[in-house]
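Participant: The lines below spell out each chain.
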Amino acid sequence: MTYKLFLSFLLITLVGCSESFDIDVSFRSSDSTDQGIDNAFESTYVPMNSQPILFRSANIYDGLGNEFLNYDLLLSDGSIKEIGKSISAPGVMVVDAVNKWITPGIIDIHSHMGVYSAPGVSTSSDGNEATSPVTAEVWAEHSLWTQDPQFALALKGGVTTFHVLPGSANLFGGRGATFKNISQNTIQAMKFPGAPHSLKMACGENPKRVYGSRRQSPATRMGNMAGYRSAWIDAVEYADGMSETNEDRHPKRDLALDTLMGVLNGEILVQNHCYRADEMAMMIELSKEFDYKITAFHHAVEAYKIADLLADEGICAALWADWWGFKHEAYDMVQANVAIVDQARNGTGCAIVHSDDPVGIQHLNEEAAKAMAAGNRAGFNISKAHAMRWITSNPAKAAGILDQTGSIEVGKDADIVLWSGNPFSVYSRAEKVLIDGALAFDINDPKIQPITDFDLGIIQPEENRVQ
Amino acid sequence: MKRFTINIFLILFAANVLSETILLKGGLVHQGNGEVAKTKDILIADNRIVGVGKNLIIDGNTRVIEVNGLHVTPGLISPMSNLGIVEINSLDVTRDDESNILNAGFSIFNAFNPNSTGIPWNRSNGVTSAISTPSPSSFPIFGLGSYFVLDGSLEVKGLKDIAMYGRLGPSDGSRAETLAILESLLEAGSMLKNLTVDEILEMTLAEKLELQTEDIIALGKVVNDYMPFVLETNRAVDILQAISMKEKYSLNLVLASVEEAPMVLDQLKNSNTPVIIDPMDNIPNSFDELGSNLNLGKILDEAGIPIMFSTQRSHNYHLMRQGSGNAVAYGMSYETAIEGMTNTVARTFQLNNRGSIESGKFADIIVWDGDPLEPSSFPKIVMIEGKLHDLASRSSKLTERYTNTEDKPSSYKH
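Chains as they are written, first to last, in our numbering: chain H, 1 to 467; chain Y, 1 to 414.
Do not rely on the hints blindly, as some may be mistaken.
With a cut-off of at most 25 Å between alpha-carbon atoms, the simulated DSS-like pairs for lysine-lysine come out as follows [what the hints assert, rightly or not]:
hint : chain 1 : residue 1 : chain 2 : residue 2
1    : H       : K384      : Y       : K380
2    : Y       : K208      : Y       : K248
3    : Y       : K380      : H       : K327
4    : Y       : K397      : Y       : K54
5    : Y       : K25       : Y       : K380
6    : Y       : K40       : Y       : K25
7    : Y       : K298      : H       : K447
8    : Y       : K246      : Y       : K160
9    : Y       : K387      : Y       : K25
So these bits of chain H aren't anywhere near chain Y, every CB distance computed over 10 Å [unchecked claim]:
hint : residue
10   : N49
11   : H142
12   : N185
13   : E205
14   : L255
15   : A378
Some chain Y residues flagged as far from chain H (calculated, every beta-carbon gap over 10 Å) [said to hold, decoys possible]:
hint : residue
16   : F112
17   : I283
18   : N285
No wet-lab data here; the hints were simulated from the structure. What you are looking at is a predicted structure, and each value in this text was computed from that prediction instead of being measured. Backbone N, C-alpha and C fix where the C-beta goes; we use that ideal spot for every residue, glycine too.
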């Protein structure tokens, strides 16, 4: 074990006791090296043109747990400029927001938009490289179809940022990437600037079913574990080799090991599909064996059973409000799952409501409403302002972009939703969605309702899917 | 709020033991018959509703349950579920929704398991009865749905084989072929007017489609006895094909999904065909659904077409509430939404004495803790045939276990 890896082991242990996930984010960036991870396929995203805009007398959930009633919000130059009472900004466009609500742009930490595009036909099935249990070399963004009509539907539901992951057929499914929800003609032009990659890992039934049915490993859960450990052993050796000062002694570059080394270096965040509590605990142990950090467990139907452990380890759980029964490992669903994870260790848990679904992503506010109500029925006292974190700042944290977006704070990206009413009501609709201060969707203006190339001329009699 | 729940339950169980008449007093009652909700009392005797209104006459034995201001609806009815016949989708050994032998005549009725965990779960979320159906197969007709009362009784209460289910949509072959097969099947049923089952079985058509006795008898019911035929289809021109079939064979047609219905609205309306929609599914999942849009419910409602609700969320049939709530957010009338989860299903599938809060109907009633169309609302009282059910499910028991802070292994927390 190198000195560097030993140090990161210590840090992870410390972080585990500190209950603070944020410390770990700073650890990650300070520990980054210039080795291994290249800058290929970087974001070329440029915000759309915007004018300064002042929302007058809005009710605001800031995404950090606070509620501001009857406040003004000023956006300019793509950023949040001021939050306050009676802001004076002469000459600026004013939007009357009386009795309306403003939230940060909604963020989905688990989407397959663009890699499982609509229509869901074989030619657009690009999310699972199900040819080997370890495909850490593939990148979801290389599959993305920029004309997926699902982007605009999610936008209409207030989603300004989404993280696209490979599927869960493999132990290591490949890299995920984060996108601004503005459909452009190139993938790079949609990429969220500066957002880290993720590594998709998967526990349980899917890998063992996919490969077991082909009479190859893994065919069991113990086979899953052996598969992860073998890959990490290779990755540690590779990272050691790459850290040699004499470049002639570096191993031949390997795309899969590049990705795993990025995780060991803290530059790539682990998004781990894992349903069962005992398997999540096992994955945590695995992460300690190889000195890496799990950022979030996804689809964690049983997260509530180990909520304290997740809080102690600073690991988020990205969850559905109520999906269950489609698999054996999704049998123990409780609607209070999100709330129990959130409230663990005096409310220091990190709960996220995710979609994994092109319909669900359009209604994450409703999913959060269900999860909050179930939590309160179970005896918690969770406010709407607090629950808003589950679909804004918490997924931003798990995507490694909390410095840029995910809350309404001065200086952050002006990713904002104006809702017709309280966003926890089924009757409320996103009236305006702004991304970097630019109006990306307006319920009252067909010119500001995106129509992908796919939709143009294909829908009769109307052409606008998001109307 | 907690204490209120406890009080209600003390009253409920007392009521059960004594088998008295019950008065649900002061609720905001959505009768399910299309009328706007009003504050009314509901009197229940044995398993039936015996009075709805104000100042109902009660005697000393009547247990009064105050539900002041709470929304009250009929028990929700799912028109298309797998309740009781699928436990875990990915485990074939827990599924009874497919047949390798039968198609049109495949009945799931005898496979229904009242102990399936989906039943208390959906019941505690307000679904008191459901039609369970076979799952789609590669054949255009996949069998017969049956109606079940979700009271968990091992003496299954329900109506056997009340509707046939099929699908017209994209397939490996041509849909011209699918249409031809559908037509042949209906012809086979039609022949029962003049021929015996055995005579039909001997025909090339029956042989080619590998029809069994049960298939032909069931097809006969659809063509000759006006049994509802639920056909899932989306493409505008396919909806027109289905309507022609309805006219030709005088079918009691119900169309499901119908995502492109707005393009053929007049024809659909004139055909008097009720529909089952998932109002949240606006994804163009296939090239048959390019016109899919969240305003489907509003457009169908404005045309006066009877609407019911399905949901794609497996095991959570109660989420038709969220679906219909979204439909209302996009312009459907509130009363249509409530009716669509209750009385429209009862009317369409001839579920006699269900689906509305009216004298003479079975007392399948839900009292909600909020607006029933808000996804965050939840039942406070679930009553099926006059009997009060507690809201326990595996899910509620797991929640109790894992919010119990005692310091011992969870397997001892019960």
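Participant: To test your reading of the hints: which numbers does this structure violate?
Facilitator: 3, 4, 13, 15, 17 and 18
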